[in-house]
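Quick note, the sequences are listed as chains C and X, same order.
Just so you know, the numbering used here puts the end of the first sequence at 359, numbered straight through with nothing missing.
Just so you know, the numbering used here puts the end of the second sequence at 322, numbered straight through with nothing missing.
Since the hints were made in silico from the structure, they are not lab data.
Everything numeric in this text was worked out from a predicted model, so none of it was measured.
One should not assume that every hint holds.
Stated by the list, open to error - Simulated restraints on C-beta separations: (1) X:Arg307 <-> C:Leu108: 39 to 47 Å; (2) X:Lys70 <-> C:Leu349: 39 to 47 Å; (3) X:Lys47 <-> C:Asp98: 24 to 32 Å; (4) X:Ser157 <-> C:Arg35: 50 to 58 Å; (5) C:Ser33 <-> X:Lys47: 34 to 42 Å; (6) C:Asn291 <-> X:Ala132: 38 to 46 Å; (7) X:Lys47 <-> C:Thr341: 20 to 28 Å; (8) C:Ser116 <-> X:Lys70: 39 to 47 Å; (9) X:Tyr128 <-> C:Asp68: 35 to 43 Å; (10) X:Ala132 <-> C:Asp113: 55 to 63 Å; (11) C:Asn261 <-> X:Pro257: 56 to 64 Å.
Glycine is no exception: its CB is placed at the ideal position from the N, C-alpha and C atoms.
As a plain string of letters, each chain reads:
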Amino acid sequence: MKVSFPHMGTSHIAFKHLIEHLGHEAVVPPNPSKRTLSLGVQHSPEFACIPFKILLGSYLEVLEQGTDMIISSGGVGPCRAGIYGLLHEKILKSLGYDFEMLIFEPPLRGVGDFISKIGRVIKPGGVGWIEFIRVFKITWKKLLALDETEILSHRIRPYEITKGETSRIFDQCLYLIDQAQTQGEIEEAKIESERKLNAIKQKEGYTPLKVGIIGEIYVVLEPFINLDIEKTFGEMGVETHRSIYLTDWTRDNTVFDGEKNIKKAAEPHLNQLIGGHGINSIGETILYAKNGFDGVVQLAPFTCIPEIVAKSILPEVSKKFNIPVMTIFLDEQTGKAGVQTRVEAFVDLLEHKRRGKGA
Amino acid sequence: MGKTIGLPSTLTYYSYFPFWNKFFSALNYEVVASPASSKQIIDWGVKETVNDACIPIKLFHGHVIALRDKVDYLFIPRMVSVDGKATFCPKFLGLPDMVRASIDGLPEIIDQRIELKRNTHGLLATCYKIGAALKENYINIVNAYRKAYIAHFQYRSQLINGVLPGEILHDQTLNVRNSRTMGGINLAVLGYPYEVYDPYISVNLLQNLAAMKVNVWTAEMVPDAILAKYRYKLSKDLFWHYSNKVLWACYYYLKQPIDGIVHVSAFGCGPDSIVDKLMELETKAHNVPFITLTIDEHTGEAGVLTRLEAFVDMVSYRRERK
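Bound-form chain X, shown alone (with noise of 0.2 Å):
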């Protein structure tokens, strides 16, 4: 094996590891993810960056520092863009410059921006770039990239099919169930996937929800083709990538069978105060129950549960009037 580098386990993590890992494995890299998140990483994080920033850019600070002193490159793209049409949120946008500027002793850092347009080519040649200053030739990283391709093409089949990132990622099993047949309340839970995700964040949310027999439904069980359709809805497309993915799949989810909808979002985000009050507004012409849990670093399993708890037992008695 050659040098280490680094993976934040955290913010587009839960969308592109698998690519990442097979690309730069295929290069004769060792790829080191950072531990699951904890306190110690929140706490980390939190001591670095400025107290106006959202708890997934504290979170991510803190995996960085997680990895410092352990690996030879960091790898921290600078996600602009990956459909030529959306942005991701202006944190993702400056987040090596954050990073730079936040912590001292960090290794080099990889920030190759990754602007695709909407064919696939434009992640070849950025992905050249990055083998390039990584001084790969270029047959070796074509054939990485056809490796990281089909990789990341299994991941998304598979997270289509209602496996879990943690499962895949992970090897956990979490008994998170989403099927149909199996009867119970249905819920869609939307949020960002470093949010919705993220066990410790999200405060355990999809463990609990399996605990109380609710089939869980996420934005990533839906192919894009199909959350493509309802860009429509609006006048006018969000700016940005995830935002666009959880406001669609709610309207997705709304002309499913669906008991509720459970929208995660953190304390002060930017996007999400667009999103939700879209979501709210969209929700009640629709009749559906909807709760926003709003988490940042404090929240508390407890009282997020009691919440939650209060919103099953809603929904299931509505559903029992019927």
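Looking at chain C on its own, in the form it has when it is part of the complex (with noise of 0.2 Å):
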């Protein structure tokens, strides 16, 4: 069976692996392009954010290589995300393409439904709860190196001498990371990535700027919308912590719940769960500040409820805490000059409120 998923960041490398190990053969979908957005945006209602569209446009292309299930996640709401493989379904549906969706909930919301699904995907290719178990331990390892391995490449950047280079060796990293098949060979490609990242000649005695990423989880993990902009700032010099990686978010939506401390700064000023990243994107700031940022950006599709609230709520505790927070709404409009010139005047504004302190 062929089997497909959606493209988000750097973790199709992990969904790859655990496809081709349940015996199916995985379609990786491209990269996400102009095609992809164009696809996407042609079938998909005016305001729905870009993950959508952009999600859309790539089951497209997997479709159009013959795919015969995609699987995707589901969600509890109330953001918007979860209702999204329903609909893409239909839509999908109605154009005529002929495919099994597979949608996954967060399994405390119904086992004996995650489970089945598990099966139904296990199943065709043969393979025992054992063995799917021993692929998905695999699997989590490779998504855990790949995290680790981005986070080292975002702290080495705003260093390197010759402009570029980081990038460049993170491809080859990442290109070590998907040949690894066991779990001895993640770990060894994994020490070697940090190696090669660490062998990046870099700039000494120089303390970078320190900037936040917080915002919606789509557009801080994939660099096509958010137009790389970690590292845009990272060849301008700049530290950039982003605040969710794959491995934290399955981690606490999933299980358990390791977001006690972003809830309880954001309390004063929101105390409700809003649904996506809202509520963490206060809490957030709110961490940044105390812990020394100079400033953090917010990320967010254009018409991302969530967000809308946190974006209202956010100059309050820009305010308080002192620190400069940008907003960046990503649609399929934003162009990379726009962004690139925020991103400027932005770094500007932090370089002199730095300067301003030190006086």
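Combine both chains into one complex, guided by the hints.
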């Protein structure tokens, strides 16, 4: 069976591993491109957020390659993304595609449903449960290795002497991790990646500005949508810290709740879960301010409801904790030059603010 | 009369005003509803909100400003859920926080969280908390609650009988027709109550339809028990209270002898991007004409009217040919 899944940051490397080891052919969605977006936009509701459009575009691209099954995730709301799988399926079926869509809801909402859906995936490949759990554990290791390597790359990029070197090395690291098949090989690939990244020639005695990146998960994770904002900052010599990685997202929402601190910090300003990463955006801004960051950038898709609520409240937080916040809403019309200009202006502002502090 | 309490006349106003009005009046408060939406009110709202907010939220901020200096308390409950399942749109959930962060010089805000499970006693407990915060005693609160509940019940049955909220809440005569015996075209006008029933942001939609001799049917005219039957048409409920109502009403009206469906939606409305697409796919499958009217603070009456007239013409032509 040909199986595909959504494209999200670097996670496709791990998901490809999972699908292939369950005895299926993995159709890896191509990196989102202008074509993906225009395919998606054509068939999406106008005011759906950009993750919806990109996902629909990539589903159309993988269906062209003869995919039989698409695996995606659901959600409990009130963020719209929890309904997206259902609507994607309806739209694609109305366009005449014949395939199966498997939407995984968080296991705590219905264990039976979750298990029977896993059964739907592993049975046709002839894989047993014990084998599935083994493969799943390795996939998780791969995800962790990917995230840890990426975190390191963002830490090193602002210090690089040759511009673009970190990104080049990082691509090599992704290849290494992609090739690793067993737990041992993944561990080796990770160590090798760290070695490669650490070997990059770095500036000494330099303290970069530190910027926290917050906002909606998909636009934060997918560089095509956020126009490589972390790379842009990094190459301007600014260190970025991203609040969300897929590995902590999955941990928090499926099994236990490890975000108590963020929610507690947000409480005086927003005392209600509003779906998506709305409350996180408030809480994380406060935590970044308390941890000596110079600024915060909020990334959100145009019409994203939770982030609009967060944006309304952020000016108050920004004033109270004296931390500059820049919000960038992204959609299919957003241009790279526009974002670049705003990023440059923001960095100027942060530099100015830091000098003012020193004097 | 005691102190004054302000209720912004938008968002949940069209669903729950009679309840809160009776509740607070029975507790001896003077209830002040903000004036009908106007250019001035929307301008105030636009000035204070982030540009990405939708028009209903901007309008709400405008209504809060209209009440700001006139009342001792503002009642902005945090509407989380009224049936224990669906929540309201995230913007409703964060509404009191958004208002506080955006507008200065506010009177005291009563922002009691309203999160009811399936039984109605939850509402009494919630009302008790509101009353207790105003230092009322238990007997008075229960009495006020009882009166309010009756008022709400009466209001709901009037709506189901086809009376429009504007006729009850503002004593307007709208002459909107909705009797099958009168003949003419039947259109289901679906959308959130704060859009459909607010003549300012819907640019006189209902009046214009009445002038075209169209019978208007809305989601509020269908009893909840009947709407709830349509929930299993989708494998998963939508997350939002009003969106579910609109979608289920769409499914309901598609089973009735209806000539077309008009969906009223705000520019950039998150939940509606889903609702609208689902309605579009469903009406297409039933071969029923469907039009989406998107409204925002720049919507002009002439533009909407032209589209509406074209739609009604098309529907009548279609009917003649049948």
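Evaluation of the provided hints:
no. : hint                              : result
1   : X:Arg307 <-> C:Leu108: 39 to 47 Å : holds (46 Å)
2   : X:Lys70 <-> C:Leu349: 39 to 47 Å  : holds (40 Å)
3   : X:Lys47 <-> C:Asp98: 24 to 32 Å   : violated (52 Å)
4   : X:Ser157 <-> C:Arg35: 50 to 58 Å  : holds (55 Å)
5   : C:Ser33 <-> X:Lys47: 34 to 42 Å   : holds (40 Å)
6   : C:Asn291 <-> X:Ala132: 38 to 46 Å : holds (40 Å)
7   : X:Lys47 <-> C:Thr341: 20 to 28 Å  : holds (26 Å)
8   : C:Ser116 <-> X:Lys70: 39 to 47 Å  : violated (58 Å)
9   : X:Tyr128 <-> C:Asp68: 35 to 43 Å  : violated (56 Å)
10  : X:Ala132 <-> C:Asp113: 55 to 63 Å : violated (42 Å)
11  : C:Asn261 <-> X:Pro257: 56 to 64 Å : holds (58 Å)
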